[in-house]
Amino acid sequence: MSNLQFALLVTVPVLCFLVIVVAYPLGYALWVSFHEVSFFGGYSTEWVGLDNYVAVLEDGDFWRSALLSVRFTVESVIFTMLIGLGLALILRDLRGRWVWLRAILILPWAVSPYGTGILFAFLGRGQSGIGTAFISLFGSEETINLIAANIVVEYLALGNAWNLAPLLAFFLLASMMTTPSRLYDLAAIDQINRFEVFLHVTLPPLRFTFFVFTCIITVLSLKQFDYIFTETQGGPGNASSVLTYQLYKISFVNLELGLGAAMSFYLLFLILAVTLGLYFFWGRREARNA
Amino acid sequence: MKKRETGMTRRGLLQSTAGVGVAAAAGVLGPFDFARAQGMDLAATSGEPIYFRGWNFRTDVVQANVERYNTNLNGKVDYATVTGDYPSIMEKSLIANADLDVLYANPSSAVRYYGGNWIMPVDDMPNAEEIKAGMYDNIREAWSYKGKLLGLSYFVSTRGTMCINTEKFQAAGFGEEDYPKDWPELYSMLYKLRDKGEKTPYLAHWFAEWFGISWGFVFEMMNRGGVMADPETHKPMMTVDGPAGQTLEDWKKIWKDGFVPEEVLSYNEAAYIDAFRSGRYIISPQQIYDLKTFNDPEQSAAVAGKIGFLPYQGQPWGLIDSAMYLMTSRDRPDAVTDDVKKFASWYGYKNEDGQIAVAERWMKENMLFSAYKEVMESDLAKETIQASISNPDDYEKLIEVYSHTPFPKGIWSVVWSEEFNAWLREKLFAFLQQDLSVESVITEANDEIARLNKKYKID
Numbered sequence: 001m002s003n004l005q006f007a008l009l010v011t012v013p014v015l016c017f018l019v020i021v022v023a024y025p026l027g028y029a030l031w032v033s034f035h036e037v038s039f040f041g042g043y044s045t046e047w048v049g050l051d052n053y054v055a056v057l058e059d060g061d062f063w064r065s066a067l068l069s070v071r072f073t074v075e076s077v078i079f080t081m082l083i084g085l086g087l088a089l090i091l092r093d094l095r096g097r098w099v100w101l102r103a104i105l106i107l108p109w110a111v112s113p114y115g116t117g118i119l120f121a122f123l124g125r126g127q128s129g130i131g132t133a134f135i136s137l138f139g140s141e142e143t144i145n146l147i148a149a150n151i152v153v154e155y156l157a158l159g160n161a162w163n164l165a166p167l168l169a170f171f172l173l174a175s176m177m178t179t180p181s182r183l184y185d186l187a188a189i190d191q192i193n194r195f196e197v198f199l200h201v202t203l204p205p206l207r208f209t210f211f212v213f214t215c216i217i218t219v220l221s222l223k224q225f226d227y228i229f230t231e232t233q234g235g236p237g238n239a240s241s242v243l244t245y246q247l248y249k250i251s252f253v254n255l256e257l258g259l260g261a262a263m264s265f266y267l268l269f270l271i272l273a274v275t276l277g278l279y280f281f282w283g284r285r286e287a288r289n290a
Numbered sequence: 001m002k003k004r005e006t007g008m009t010r011r012g013l014l015q016s017t018a019g020v021g022v023a024a025a026a027g028v029l030g031p032f033d034f035a036r037a038q039g040m041d042l043a044a045t046s047g048e049p050i051y052f053r054g055w056n057f058r059t060d061v062v063q064a065n066v067e068r069y070n071t072n073l074n075g076k077v078d079y080a081t082v083t084g085d086y087p088s089i090m091e092k093s094l095i096a097n098a099d100l101d102v103l104y105a106n107p108s109s110a111v112r113y114y115g116g117n118w119i120m121p122v123d124d125m126p127n128a129e130e131i132k133a134g135m136y137d138n139i140r141e142a143w144s145y146k147g148k149l150l151g152l153s154y155f156v157s158t159r160g161t162m163c164i165n166t167e168k169f170q171a172a173g174f175g176e177e178d179y180p181k182d183w184p185e186l187y188s189m190l191y192k193l194r195d196k197g198e199k200t201p202y203l204a205h206w207f208a209e210w211f212g213i214s215w216g217f218v219f220e221m222m223n224r225g226g227v228m229a230d231p232e233t234h235k236p237m238m239t240v241d242g243p244a245g246q247t248l249e250d251w252k253k254i255w256k257d258g259f260v261p262e263e264v265l266s267y268n269e270a271a272y273i274d275a276f277r278s279g280r281y282i283i284s285p286q287q288i289y290d291l292k293t294f295n296d297p298e299q300s301a302a303v304a305g306k307i308g309f310l311p312y313q314g315q316p317w318g319l320i321d322s323a324m325y326l327m328t329s330r331d332r333p334d335a336v337t338d339d340v341k342k343f344a345s346w347y348g349y350k351n352e353d354g355q356i357a358v359a360e361r362w363m364k365e366n367m368l369f370s371a372y373k374e375v376m377e378s379d380l381a382k383e384t385i386q387a388s389i390s391n392p393d394d395y396e397k398l399i400e401v402y403s404h405t406p407f408p409k410g411i412w413s414v415v416w417s418e419e420f421n422a423w424l425r426e427k428l429f430a431f432l433q434q435d436l437s438v439e440s441v442i443t444e445a446n447d448e449i450a451r452l453n454k455k456y457k458i459d
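Line by line, the protein sequences give chains A and B.
In terms of UniProt numbering, the first sequence opens at residue 1 and continues consecutively.
In terms of UniProt numbering, the second sequence opens at residue 1 and continues consecutively.
Honestly, I wouldn't trust all of these hints.
Computed list of lysine to any residue pairs in SDA-like fashion (alpha-carbon distance at most 20 Å, straight line) [stated by the list, open to error]:
1) K92/B <-> S44/A
2) K455/B <-> V54/A
3) K454/B <-> A133/A
4) K457/B <-> G41/A
5) K235/B <-> E444/B
6) K253/B <-> K457/B
7) K457/B <-> Y28/A
8) K427/B <-> V253/A
9) K92/B <-> G41/A
10) K455/B <-> E141/A
11) K132/B <-> E377/B
12) K455/B <-> H35/A
13) K223/A <-> D85/B
14) K199/B <-> S140/A
15) K454/B <-> V253/A
16) K199/B <-> I135/A
17) K92/B <-> L26/A
18) K92/B <-> Y28/A
19) K455/B <-> S38/A
20) K92/B <-> F40/A
21) K306/B <-> E198/B
22) K199/B <-> A133/A
23) K455/B <-> V253/A
24) K196/B <-> E142/A
25) K196/B <-> E141/A
26) K427/B <-> N254/A
27) K235/B <-> D85/B
28) K457/B <-> S44/A
29) K427/B <-> W63/A
It is worth saying that the hints were derived from the structure and are not from the lab.
With the hints as extra help, turn the sequences into a complete structure.
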């Protein structure tokens, strides 16, 4: 058996699998996006060309939802990086009988987005939430509602980060554990302060992990749906009606599958553009440095 | 504008039933006779599973009912619940021809499912005429579309029963004689309560569920005498200076005056109920059956025994909220379809002993009203209702509230109902949060109805 034959033998099953689970649904969605689909009075489809794509671009709700998605994603990435890094630093410095906490801190990542949504809905509400509980400690009878229109996206991003940060923390911890201790010894000899040690010794080996997770968190956040649905249902009002929620509403409430499919391709383009941009402006540099 | 009401009078509701109902109560007919009276043997014969799906409410009761059917009548009913956006999820299951035979649905969803040819009407059952005869005319009419009865009775309720925390109301210096008679008086009362120092006198029906703020608007404008769309032609009928405009004007006023906390807009139904039973609010439109929940010390310790309701004083409160058991029309062997009809008849009508057992159990357990006269006019219903309200003497007043409740046929008995509801929900949130004008909302709502009529070729 030649090398080519062997390569085909091991890759064809995978290719077949990908065709079934990725290419076919994608191709079908593309086909649907050029049609108007109706289920009433009998199933029917009508070719409409690019009408659905044009209609999406002319829809003000699409642009508003796209901006909300970007806002949610950027904030999710920032919060996840900060929380993940903080957790990793804490986990790294755990000693003796506290080491078991490393296992516990992974638990938020094990919670499903659905469960996270329910949890943060309870925590955010004025009548049952953490804000109200906190100020009641000081005798206040006021309520603090974190699911308010002006801050709901930030609150959602915080919950998203709570869910995702432990995974990042463990990868960062792994990188930290492989950093040679002699670098810290040298820093001690140079008598540089703790912040400079963090900046020049701890942080540089973590940059590639940050790049990889920025890409992962970006993609996960842009396509996040179930967490947002269970926590806010796109509200209050439509204050957290991100692109995926808008897609759901158009496709599965209004049953405008053609329009929904066209919008889903814009979401796909957005995800591809952002990840390619990240690679072009950041990933290549990290790869060169590595 | 002309109001659409249930047409059920208090006298009519309280009258005893004749015929089958009385015979059943007297035990004149045996199980076999009943099976024959219903025109069908209820025992399953195909040996295949029947897939029964519903939303998440008292799953313990449903599971017990299903087990009884499986045990007594050789059934293989597979019961499970569906969480999330129930109407949409079920719609996708129906489109996908998924394993689904019997399901819960509201009337508006049922009409849409029938429009997609995904369900079979009750008329296809051998005992259809008997089932129809056992229902109140108004409910049967509400659940019928193009001359077909779409489903069997799960529950009927007045969503928007104006519940009142009598203790807090009296503490503010008011009594029953001050009970508002209509919506304008209710809003006027909110300001009086605030003047007495009440910070949160009103919990508005503005929550985030698909049956939240949009249904709140529908019932309020109907209560004021309005009609959103013509019941027959479905043409839009809202006007800026009519009940729809007056409703929005009042909403804007109490929203700007801070009577409704913003968090209500993100509540699910559980949070909405929890908020009222926390005792923070004085008045709130709720489900009629939740009076039992609110007055139960085990479920609502803070308010139990204190929750009354505003009586009918010339203006109805709320709308008829109801649900049916539907049968799907998916491809399956005839023997399985026969079993589906048998199970649906057993569950949604009468069991092998000729009793409307499931509906009676719902009445007893949760005070769920039924479309069947035999259930509503029974001693069990009266006893349950009297035991569930803060003042048992208010039984007739409660029945009067229920009997005057309208049903929005113009926007619910049409295939675009769910789409319009989703649109209306968002528009009303935007109206409050983005300070849209009353004129623009009314105009856009009428335009949206006209667009949907055009989309679905409804003349």
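Status of each hint after checking the structure:
| no. | hint | result |
| --- | --- | --- |
| 1 | K92/B <-> S44/A | holds, 16 Å |
| 2 | K455/B <-> V54/A | holds, 19 Å |
| 3 | K454/B <-> A133/A | violated, 51 Å |
| 4 | K457/B <-> G41/A | holds, 10 Å |
| 5 | K235/B <-> E444/B | holds, 14 Å |
| 6 | K253/B <-> K457/B | violated, 38 Å |
| 7 | K457/B <-> Y28/A | violated, 28 Å |
| 8 | K427/B <-> V253/A | holds, 15 Å |
| 9 | K92/B <-> G41/A | holds, 17 Å |
| 10 | K455/B <-> E141/A | violated, 51 Å |
| 11 | K132/B <-> E377/B | holds, 16 Å |
| 12 | K455/B <-> H35/A | holds, 15 Å |
| 13 | K223/A <-> D85/B | holds, 19 Å |
| 14 | K199/B <-> S140/A | holds, 14 Å |
| 15 | K454/B <-> V253/A | holds, 18 Å |
| 16 | K199/B <-> I135/A | holds, 18 Å |
| 17 | K92/B <-> L26/A | holds, 19 Å |
| 18 | K92/B <-> Y28/A | holds, 17 Å |
| 19 | K455/B <-> S38/A | holds, 10 Å |
| 20 | K92/B <-> F40/A | holds, 13 Å |
| 21 | K306/B <-> E198/B | holds, 17 Å |
| 22 | K199/B <-> A133/A | holds, 19 Å |
| 23 | K455/B <-> V253/A | holds, 15 Å |
| 24 | K196/B <-> E142/A | holds, 18 Å |
| 25 | K196/B <-> E141/A | holds, 18 Å |
| 26 | K427/B <-> N254/A | holds, 15 Å |
| 27 | K235/B <-> D85/B | violated, 28 Å |
| 28 | K457/B <-> S44/A | holds, 15 Å |
| 29 | K427/B <-> W63/A | holds, 17 Å |
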